[in-house]
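Protein chains in written order, with my numbering: chain V, 1 to 412; chain Y, 413 to 824.
Since the hints were made in silico from the structure, they are not lab data. Quick caveat: nothing in here was measured; it's all calculated off a predicted structure. Note that beta-carbon positions come from the ideal geometry of N, C-alpha and C, so glycine has one too. Fair warning: there could be bad hints in the mix.
Here are some chain Y residues the structure puts well away from chain V; computed CB gaps all over 12 Å [as the list claims (entries may be wrong)]:
#, residue
1, Arg527
2, Ser584
3, Ala637
4, Cys688
5, Glu705
6, Glu740
7, Thr783
8, Arg795
To give a feel for the contact side, a few chain Y residues facing chain V, derived at Cβ under 7 Å [to be verified]:
#, residue
9, Gln594
10, Thr601
11, Val605
12, Ala671
13, Glu673
14, Ile677
15, Ser678
16, Met722
17, Leu748
18, Ile749
19, Leu766
20, Ile770
21, Ala773
22, Ile785
23, Leu794
There are 2 protein chains.
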Amino acid sequence: MTYLSYQSTSFALIMNKPSLRNWLIDKPSASPESLIVRCLRERGVLSASQITRITGLARSTVSTALNGLRKSGMVIESSAHHDGARGIGRPAATLTLNPAAGTCVGIHLGLDEMRCVVADVSHSVITEQTIPMGLDYQPQQAAQLARSAIAQCYEENGLPMAGLLGVGVSVSGPVSREGVVQRASIVPTWAGVNIRDVFGPVLEQPIFADNESNCSAIAELMWGAAVGQDDFVLFKIDLGVGGAIVQHGRLVTGIAGGAGEFGHISIDPGGDLCRCGNRGCLELYASFARPLEQISRIVRRPVTMDEVIMMAEQGDVGALRMIEDTAEFAGRGLGLISSVINPPLIIIGGRMALAGDILLAPLIASYERHTLIKSRDIAPALRTRIIVGKHTENDALLGAVGLVLRHNSRLQ
Amino acid sequence: MTYLSYQSTSFALIMNKPSLRNWLIDKPSASPESLIVRCLRERGVLSASQITRITGLARSTVSTALNGLRKSGMVIESSAHHDGARGIGRPAATLTLNPAAGTCVGIHLGLDEMRCVVADVSHSVITEQTIPMGLDYQPQQAAQLARSAIAQCYEENGLPMAGLLGVGVSVSGPVSREGVVQRASIVPTWAGVNIRDVFGPVLEQPIFADNESNCSAIAELMWGAAVGQDDFVLFKIDLGVGGAIVQHGRLVTGIAGGAGEFGHISIDPGGDLCRCGNRGCLELYASFARPLEQISRIVRRPVTMDEVIMMAEQGDVGALRMIEDTAEFAGRGLGLISSVINPPLIIIGGRMALAGDILLAPLIASYERHTLIKSRDIAPALRTRIIVGKHTENDALLGAVGLVLRHNSRLQ
Numbered sequence: 001m002t003y004l005s006y007q008s009t010s011f012a013l014i015m016n017k018p019s020l021r022n023w024l025i026d027k028p029s030a031s032p033e034s035l036i037v038r039c040l041r042e043r044g045v046l047s048a049s050q051i052t053r054i055t056g057l058a059r060s061t062v063s064t065a066l067n068g069l070r071k072s073g074m075v076i077e078s079s080a081h082h083d084g085a086r087g088i089g090r091p092a093a094t095l096t097l098n099p100a101a102g103t104c105v106g107i108h109l110g111l112d113e114m115r116c117v118v119a120d121v122s123h124s125v126i127t128e129q130t131i132p133m134g135l136d137y138q139p140q141q142a143a144q145l146a147r148s149a150i151a152q153c154y155e156e157n158g159l160p161m162a163g164l165l166g167v168g169v170s171v172s173g174p175v176s177r178e179g180v181v182q183r184a185s186i187v188p189t190w191a192g193v194n195i196r197d198v199f200g201p202v203l204e205q206p207i208f209a210d211n212e213s214n215c216s217a218i219a220e221l222m223w224g225a226a227v228g229q230d231d232f233v234l235f236k237i238d239l240g241v242g243g244a245i246v247q248h249g250r251l252v253t254g255i256a257g258g259a260g261e262f263g264h265i266s267i268d269p270g271g272d273l274c275r276c277g278n279r280g281c282l283e284l285y286a287s288f289a290r291p292l293e294q295i296s297r298i299v300r301r302p303v304t305m306d307e308v309i310m311m312a313e314q315g316d317v318g319a320l321r322m323i324e325d326t327a328e329f330a331g332r333g334l335g336l337i338s339s340v341i342n343p344p345l346i347i348i349g350g351r352m353a354l355a356g357d358i359l360l361a362p363l364i365a366s367y368e369r370h371t372l373i374k375s376r377d378i379a380p381a382l383r384t385r386i387i388v389g390k391h392t393e394n395d396a397l398l399g400a401v402g403l404v405l406r407h408n409s410r411l412q
Numbered sequence: 413m414t415y416l417s418y419q420s421t422s423f424a425l426i427m428n429k430p431s432l433r434n435w436l437i438d439k440p441s442a443s444p445e446s447l448i449v450r451c452l453r454e455r456g457v458l459s460a461s462q463i464t465r466i467t468g469l470a471r472s473t474v475s476t477a478l479n480g481l482r483k484s485g486m487v488i489e490s491s492a493h494h495d496g497a498r499g500i501g502r503p504a505a506t507l508t509l510n511p512a513a514g515t516c517v518g519i520h521l522g523l524d525e526m527r528c529v530v531a532d533v534s535h536s537v538i539t540e541q542t543i544p545m546g547l548d549y550q551p552q553q554a555a556q557l558a559r560s561a562i563a564q565c566y567e568e569n570g571l572p573m574a575g576l577l578g579v580g581v582s583v584s585g586p587v588s589r590e591g592v593v594q595r596a597s598i599v600p601t602w603a604g605v606n607i608r609d610v611f612g613p614v615l616e617q618p619i620f621a622d623n624e625s626n627c628s629a630i631a632e633l634m635w636g637a638a639v640g641q642d643d644f645v646l647f648k649i650d651l652g653v654g655g656a657i658v659q660h661g662r663l664v665t666g667i668a669g670g671a672g673e674f675g676h677i678s679i680d681p682g683g684d685l686c687r688c689g690n691r692g693c694l695e696l697y698a699s700f701a702r703p704l705e706q707i708s709r710i711v712r713r714p715v716t717m718d719e720v721i722m723m724a725e726q727g728d729v730g731a732l733r734m735i736e737d738t739a740e741f742a743g744r745g746l747g748l749i750s751s752v753i754n755p756p757l758i759i760i761g762g763r764m765a766l767a768g769d770i771l772l773a774p775l776i777a778s779y780e781r782h783t784l785i786k787s788r789d790i791a792p793a794l795r796t797r798i799i800v801g802k803h804t805e806n807d808a809l810l811g812a813v814g815l816v817l818r819h820n821s822r823l824q
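Just chain V, with the same shape it has in the complex:
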């Protein structure tokens, strides 16, 4: 429904509206103006009638509040048309927050690099930057480099720092509600680190943080395959296996931030040792790390996931077999997840999702074989749908922006 576009225009006119920060971050109130602003912040672009429906306010109340918000320059008419506004007749005017009214930053802490993106409140990406870090980089160093990178981005694009509403951080490991990174063995140097304590004092901004896969789910929810879906499971197939659960439009975190850790479901307690310290984790079978090794061995050079997908599309039997075998295990894992929560929608993410039907067809067949409730036994409305995601490369980074826009996972 909403869009996220990359734009390169420089931002000369930034209105510095301290009231926006007040409304969105510091003391959100229940006034119609505040509700409308929060609604547009979460969804990006909406028509007045959609705002009326979502907020539950009276049509006249919305109309009056929108007039005020338009006059103050907080809300503007959008050039991009909302998907839902397409139809017969004149398209309804769509509204968005004034891009000049505020910005937010998303940071993704990768294995050996840090990525950083600046977006405005109308959900447009202004600029993006990658900072190479080397393996096992230290939290303090990351915070300092993030500060410099943000300052540089804002200066180069003529953005005032005062318009920054908050910083979202995506972490490759489970994060507790208080912002502490759990499980030492997955991201060694960040184990036990409190994201707020590290980034808060250095960046001097409200800090939001969540697990990488949870951020990916936020990106799919706000701009991707899950727009309009309140309940779904994300299953990422990449060099690892990640996951997230969204229920009633909110992430399920679990008591210690361990919900959705699908890659570490142990399917063979006697199997190989996993980086998490357990044995036979699903990630060892349903990620694409081992298949890449196998294919590289056969073709006698290192291959990437993109190449393998291309080989499969051209009919290479080995590439097809590796994708099918991965799909078999992913389907088995998802069958098992379905016996636990039986979700209405499963979105396959990660870079292997780019294989499309080559991956999806055997995955769905495997899922059907291993799950309790078979599609053929039940009405279509009760079936779990399995589709591929929309964001596969930069989903965690976009999701970190989404944490700020949705005011999700704020660390107090």
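Position chain Y relative to chain V; hints supplied.
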């Protein structure tokens, strides 16, 4: 916090209050009286200050409404003291719905018998009846026999049928939100049957229905080990393995009623065929059906779960080994469930839970070995607690009553 007691006194004075049925079932309103009545219906016994806290109403509003409810005879002082009311000084007066104000019926559809219980709105069980049915009994026959049994119970106890608020039905299989029994192979004769269509016209009452394990979870939530807990997982170890998930005080059902079907998580796709049609389901390893066969073979006579627990308590090595092996698989299954939803509390139910620590100690050790987030790595507040349930024998039946009292799973 609340109690469920069995009482045998005959019920001579039943006030027929059509307004209670109105408030509770037909058109619940947001009036203070309606909120208080629903609150007492869900919790059983509460003090005025607890009612104030739970409803969020002003103290004076609660006081005025309670006066009116007392005068009309709808609410009375309770002789049983609420657990939470114990303390120094004079115990606070506790209130309950007048037992004479209404009754409800719970029915459990067992494999070869139907059990039926009548309880009043103060959460006291008035009478219970078991109807032997033989294997593969027909839905229509069950509805007719339930009607006779209910009529008999009400007549014998001098209860007016007009006071009956609704009938809750517990089914040994997944039930969709519309009340259709899913998965043919688990309860053959009930597959595809709509519980409302079968019981509604014959009983002429509002019908509530849910899966057996979901009913068990309701019983633990209302009267058992989960009182005051809004989020937990129930894992039942009996002749089968069942389960349920409660989040924010509500059951997670899944799109087709398949959430919490822990017994049918496939842990070995090449394993033995399960009654559900899949292979290597957790139920084959973590239920106590096979251990009973093994022990019966050794002692050359059929043994029951109670006997095996007694043998284990007396140090019988074979009985201990069978319980430990079951615990190992149950812990493995729960470790896996925790990698999906990471719940704060796991309650072990089913008749094997009566083994207490003999089962729990190896189960917790196995859980720790197989789950991603180890207790020793995290603060005590973030750890998943594993305890045994309070109701193990009649939990599904009590839960069926709970469906009506909580107005849960009503079939429209």
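*Closer than 7 Å between Cβ atoms is the bar; does Leu748/Y clear it against chain V? Give me holds or violated.*
5 Å, holds
_Ala773/Y was flagged as interface toward chain V. Is the shortest Cβ-Cβ separation under 7 Å?_
Hint violated; Ala773/Y Cβ to chain V Cβ min 19 Å, cut 7 Å.
*Identify whether the interface hint at Glu673/Y stands, where standing means a beta carbon of chain V within less than 7 Å of its own.*
Cβ of Glu673/Y sits 5 Å from chain V, so the hint holds.
*Taking the closest Cβ pair, is Leu766/Y under 7 Å from chain V?*
With a closest approach of 26 Å, the Leu766/Y hint is violated.
*Should the label of Arg795/Y as a non-interface residue stand, given a Cβ cut-off of 12 Å to chain V?*
Nearest chain V Cβ is 7 Å from Arg795/Y, so the label is violated.
_Least C-beta distance from Cys688/Y to chain V larger than 12 Å_ = 6 Å, violated
*Find the nearest Cβ of chain V to the Cβ of Ala637/Y and say whether that gap is larger than 12 Å.*
The assertion about Ala637/Y holds, with a minimum of 17 Å to chain V.
*Return the status of the interface hint for Leu794/Y: holds when the least beta-carbon distance to chain V is below 7 Å, violated otherwise.*
At about 4 Å, which falls below the 7 Å cut-off, the nearest Cβ of chain V leaves the hint on Leu794/Y intact, so it holds.
*Quick one: work out the minimum CB distance from Thr783/Y to chain V and report holds if it exceeds 12 Å, violated otherwise.*
8 Å, violated
*chain V contact restraint for Met722/Y - C-beta distance below 7 Å*: Interface hint status for Met722/Y: violated (31 Å vs cutoff 7 Å).
*How about Ser678/Y: closest beta carbon in chain V under 7 Å, or not?*
5 Å, holds
_Agreement of hint Ile785/Y with chain V interface, Cβ distance less than 7 Å_ = 4 Å, holds
Figure legend: structure checked against the earlier numbered hints; hints not met, in rising order: 4, 6, 7, 8, 10, 11, 16, 19, 20, 21.
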